[in-house]
Structures are given as structure tokens and as C-alpha cells.
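2 protein chains.
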Amino acid sequence: MARISAKVKEQRGEGDARDVLLNAASELMIEMGTHDVSLHAIARKAGFAAPLVKYYFGSKEGLLVALVERDTERSLTQLKDLLAMPIDPVAKMRIHITGIIRTYARYPYLLGLLGEILRGHGFNSKDKIKQSFALPLIEAQRQIVEEGIQDGSFRDLDPDQLYFFIVGACQYLFAARVAFRDVMGGKPADPEFAKDFAATAVDIILNGMRA
Amino acid sequence: MARISAKVKEQRGEGDARDVLLNAASELMIEMGTHDVSLHAIARKAGFAAPLVKYYFGSKEGLLVALVERDTERSLTQLKDLLAMPIDPVAKMRIHITGIIRTYARYPYLLGLLGEILRGHGFNSKDKIKQSFALPLIEAQRQIVEEGIQDGSFRDLDPDQLYFFIVGACQYLFAARVAFRDVMGGKPADPEFAKDFAATAVDIILNGMRA
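Protein chains in written order, with the numbering used here: chain C, 9 to 219; chain D, 9 to 219.
If you are wondering where the hints come from, they were derived from the structure by calculation, not from laboratory data. If you're wondering where the values come from, they're calculated on a predicted model, not measured in any experiment. You may find that some hints are simply not true.
Heads up, the list lumps identical chains together, so a pair's fine if it works in one copy or across two of them.
[To be verified] Each computed DSS-like pair below joins lysine-lysine, with the alpha-carbon atoms no more than 25 Å apart: (1) K203 x K68; (2) K138 x K195; (3) K53 x K203; (4) K195 x K136; (5) K62 x K138; (6) K138 x K53; (7) K134 x K195.
Kindly generate the complete structure, drawing on both the sequences and the hints.
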């Protein structure tokens with residue numbers, strides 16, 4: 009184990025090794041259609057010995073938290089920028105929903121992973137994900153909804169209820185893609201279907217929220 | 009093992025024992041906030057020896073399939089009745105969406121369970137769930153949507169895309185209840201919040217689909 013880790017460190021920096029493991033975990037979860045993959049399978053896919061995962065991330069939970077942070081970092085930065093844009097709340101909501109769909113199309117395992125960490129026993133991991141992802145996302149969405157209610161674009165809807173509605177509506181197709189591959193003549197796995205889905209989802213939500 | 013099963017059979021009929029195990033599995037999944045519970049934990053909750061689960065259901069997969077069938081049977085009968093009702097497509101869709109939300113409020117683990125079976129390797133289980141639940145539900149929803157498009161109530165939306173949108177939107181709050189218990193000041197676990205959510209979800213979907 010010490011010998012392998014020294015060899016890996018020699019070949020590539022520690023940051024690279026972490027990236028290789030995160031990419032392997034992400035790819036495996038996409039292939040399997042679930043976040044529920046074993047540490048051994050992740051290590052095997054990365055070409056690493058399993059104990060190395062613990063060396064780099066402390067535990068499997070450490071790797072899962074790092075993966076959520078990696079996958080959501082860009083979206084959260086973009087969301088902050090979006091809030092500051094001088095555009096109306098309907099346009100903001102349109103960009104926001106499109107961003108959510110893009111995130112789940114790219115990381116279909118993300119919501120399952122998030123749920124597993126938030127349900128888990130690791131208080132620090134839960135708190136990290138809550139502070140770094142869940143709360144900022146809920147808060148940003150609330151701001152956009154409240155702006156839209158105030159300027160009369162949206163009906164008087166509860167932002168907390170909308171949170172579950174929007175996230176659920178935007179992500180299920182992607183989470184179910186592997187499971188539903190053989191249903192509806194293969195459509196759920198077709199990129200064209202996913203593209204049209206994004207347009208449909210944005211359209212129904214915005215029409216549905218309209219004052 | 010033979011002795012225990014004989015004893016159980018003596019105390020209650022085989023049907024009763026199956027019901028006790030299905031109830032234990034259902035309750036455990038609700039408490040844990042996930043369908044991912046072990047066969048041992050289910051048996052322990054039911055007060056049965058673990059091998060008895062295999063005796064009654066053949067395998068853990070057999071128990072999971074029986075649970076999906078138990079949980080969806082009533083909804084599917086109601087859905088068949090709904091299709092035959094002499095009411096307009098918007099009213100049908102309202103009843104249908106309310107029914108979906110009620111099902112997931114009652115069995116919040118159902119969608120995860122369905123995904124696990126459909127992703128699994130047991131061809132017979134997959135096919136059973138596909139034929140008995142997934143396809144009839146997709147087909148019924150398609151009929152209602154097409155009726156509504158034809159009579160001019162709904163816009164020209166793709167029923168297959170709507171399927172993922174509606175199911176995703178209606179179920180995520182319930183699937184996330186345990187994980188999000190400590191977020192939003194406990195609201196996701198509040199029955200009043202869930203009741204209001206149902207009204208909001210029906211409202212947004214029907215407004216969003218309107219021609």
C-alpha cells in the first residue's frame with residue numbers, strides 16, 4: 009500500500025490522483041445508473057488499489073462529498089452571477105431551470121448522492137453539503153421566486169414547495185435513464201429526447217408559475 | 009429454520025406472514041428514508057429469522073417486487089376506473105396527479121425501489137414490474153394527455169416527456185423528506201407542508217400544460 013501510493017504520487021501529483029478517482033466514481037455512477045457503487049469498484053475503474061481511496065479522501069464518504077462539491081461548484085458560481093444580472097425574474101428563472109437540467113443531465117447520480125450524504129451519520133459531511141450546496145441553492149431560488157412575485161410575474165407561490173417541485177421535475181428523467189432504457193423504445197437514453205425534455209420542462213414550469 | 013417456519017405457519021397463515029414481512033419492509037424504508045435496506049433489517053423488524061424471507065419470497069428481489077405490486081395495485085385499479093369516467097381531460101389529469109402524489113406520500117421509497125428493480129439483473133422481475141406497473145401507468149397518462157390535446161385543453165406536449173416531468177415533480181419532496189428533515193426548519197417533514205405541496209404541484213402542472 010505504501011509502495012503503491014508512493015508510486016502514484018511519483019507518476020502524478022496528489023491532486024491528479026484525486027481527480028482520477030473522482031472521474032472514475034462519476035463515470036461508474038453514470039454507467040450503473042445509480043450513486044450506489046462500491047469503493048472497490050471505483051478503485052478498480054481508476055486502476056488504483058482500494059486502500060488508496062481512503063488515503064486520498066479519508067473514507068468513502070469523503071470521496072462522495074468531494075464528488076458533490078466538484079459537480080456543483082460551477083453551477084453555484086453561475087447561480088451567484090445569475091442573481092446579480094440586470095434581467096427580469098422570468099428570464100432569471102429560465103436560465104436557472106436550464107442550468108439545473110444541464111447539471112442533472114451531466115451528473116444524473118447527483119441527487120441520489122446528495123440524499124445519501126444528507127441521510128448519513130457523518131455530521132461533518134452533512135453540514136458541509138448543507139452549507140456549501142443545499143442552502144445556497146434553496147436561497148438563490150427563493151430570491152428569484154420572490155423577485156418574480158413582487159414584480160407581478162409569478163403567482164404567490166411558496167418558494168420552499170417550488171424547490172422540491174422544480175428539482176424533482178428537472179432531474180428524474182436523467183436519474184431514471186438506465187432503469188428506463190428498455191421502456192418507451194429506448195427514448196429516455198436518446199440525447200434528442202433529453203434536449204426536447206429541457207425545453208418542455210422550462211416551458212411548463214414558467215407557464216405554470218405565471219401570474 | 010424448518011422448525012421456525014413450521015411454527016410461524018401454525019401461528020398465522022402463509023399470506024399473513026407475507027403481509028407482516030411486506031409491512032415491515034415498507035415501514036423500515038419509510039423510517040430510513042430509502043429503499044436501500046438489508047434483508048436482515050427487514051426480518052429483524054418483522055421478528056422473523058432472515059431465512060424465512062427467502063422461504064416466503066424466494067429472494068430479497070422477490071420481496072421487493074411483491075412490495076411494488078402491493079403498493080401500486082390500488083392506484084392502478086383507480087387509474088383504470090379514471091380513464092373510463094365521463095369527465096373532461098383536465099379533470100382527469102387533476103385526479104391523476106393527485107393520485108400520484110398520494111401514492112408517493114404514502115410510499116416515499118417507491119420510485120427508488122422501482123429504479124433498483126428495473127436496473128437489476130433479474131429479467132423476470134424487471135419484466136413483471138414493466139408489464140404490471142410502468143407500462144400501464146405510462147399508457148394511461150398518455151391517453152389523458154392525448155385526449156386533452158385533441159379537445160384543445162392542453163398544448164401539444166410529448167406524453168413521454170410529461171411522464172418524467174410529472175412523476176419527478178410529484179415524488180421528490182417525499183423521497184427527500186428524511187434527508188431534508190433538518191433543512192428549511194423541518195418543513196419537508198410537516199404534513200401541512202405536504203398537503204399544500206400537493207395543491208401547488210397540481211396547480212403548476214395544469215396551468216403549465218394549458219393550451
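Outcome of the hint check:
1. K203 x K68: neither (34 Å within a copy, 37 Å between copies)
2. K138 x K195: between (34 Å within a copy, 15 Å between copies)
3. K53 x K203: Neither way: K53 and K203 sit 29 Å apart in one copy and 45 Å across, limit 25 Å.
4. K195 x K136: between (37 Å within a copy, 20 Å between copies)
5. K62 x K138: within (23 Å within a copy, 39 Å between copies)
6. K138 x K53: neither (29 Å within a copy, 31 Å between copies)
7. K134 x K195: between (36 Å within a copy, 18 Å between copies)
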